[in-house]
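Protein chains: 2
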Amino acid sequence: MAKVKVYIKNKKGVLDPQGKTVESALHSLNYKNVENMRIGKYMEFELPDKLTKEKAKEQTIEMCNKLLANPVIEEYTFKIE
Amino acid sequence: MAKVKVYIKNKKGVLDPQGKTVESALHSLNYKNVENMRIGKYMEFELPDKLTKEKAKEQTIEMCNKLLANPVIEEYTFKIE
Chain W
1 MAKVKVYIKN
11 KKGVLDPQGK
21 TVESALHSLN
31 YKNVENMRIG
41 KYMEFELPDK
51 LTKEKAKEQT
61 IEMCNKLLAN
71 PVIEEYTFKI
81 E
Chain S
101 MAKVKVYIKN
111 KKGVLDPQGK
121 TVESALHSLN
131 YKNVENMRIG
141 KYMEFELPDK
151 LTKEKAKEQT
161 IEMCNKLLAN
171 PVIEEYTFKI
181 E
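If you're matching them up, the sequences are chains W and S in order.
With our numbering, the residue at position 45 of the first sequence is 45, and numbering never jumps.
With our numbering, the residue at position 56 of the second sequence is 156, and numbering never jumps.
Because the hints were derived from the structure by calculation, they are not lab data.
Please note that a few of the clues may not be correct.
[To be verified] Output of the computed footprint for chain W on chain S, the stretches with three or more beta carbons under 8 Å from beta carbons of chain W:
hint : stretch
1    : 101 to 114
2    : 126 to 135
3    : 145 to 158
4    : 165 to 176
The C-beta atom is built at its ideal place from N, Cα and C for all residues, glycine as well.
Based on the provided sequences and hints, a complete structural model is requested.
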């Protein structure tokens with residue numbers, strides 16, 4: 001099986017309240033040097049080996065756009081291993 | 101600033117209901133070849149350049165254990181760029 005790893009985060013300019021909250025929590029735990037915390041999602045799944053790398057890439061992009069990410073406010077990158 | 105990327109996912113053997121749900125959703129969208137979907141968190145933040153790589157690594161591990169991840173059920177990996 002080919003392993004696919006997808007990383008999703010909010011686009012630049014889209015507020016990330018969860019990240020801000022965790023950043024403040026870190027500051028109050030005395031890690032005051034942490035900046036620009038952004039939190040997103042990480043997904044991994046497997047696709048059959050018989051798919052070519054091209055097909056796997058195509059299918060992953062389709063799945064991201066249709067279900068995994070919200071392309072209006074999120075951006076994604078992925079890696080096929 | 102040094103960029104740190106942290107990837108958190110449930111340990112092997114810990115159920116991942118969110119992943120299961122997304123996997124079923126993909127199957128019903130006709131991506132039936134997707135298997136072993138696991139969903140976790142992805143975080144990125146910046147640390148000052150004046151920290152040595154060693155110190156940055158140490159601080160990230162500390163922050164993960166104290167706040168970012170739940171070491172009982174989650175495992176994390178990170179990368180400092």
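Okay, the hints, checked on the actual structure:
1. Against chain W, the stretch 101 to 114 of chain S contributes 4 residues with a C-beta closer than 8 Å to a partner C-beta. That satisfies the three-residue criterion, and the hint holds.
2. Counting residues of the stretch 126 to 135 of chain S whose beta carbon lies closer than 8 Å to any beta carbon of chain W gives 6, which reaches the threshold of three, so the coverage claim holds.
3. Restraint check on the stretch 145 to 158 of chain S versus chain W: 5 residues with Cβ-Cβ distances below 8 Å, three needed, restraint holds.
4. Counting residues of the stretch 165 to 176 of chain S whose C-beta lies closer than 8 Å to any C-beta of chain W gives 3; at least three are required, and the coverage claim holds.
Of the numbered hints listed earlier, not one is contradicted by the structure.
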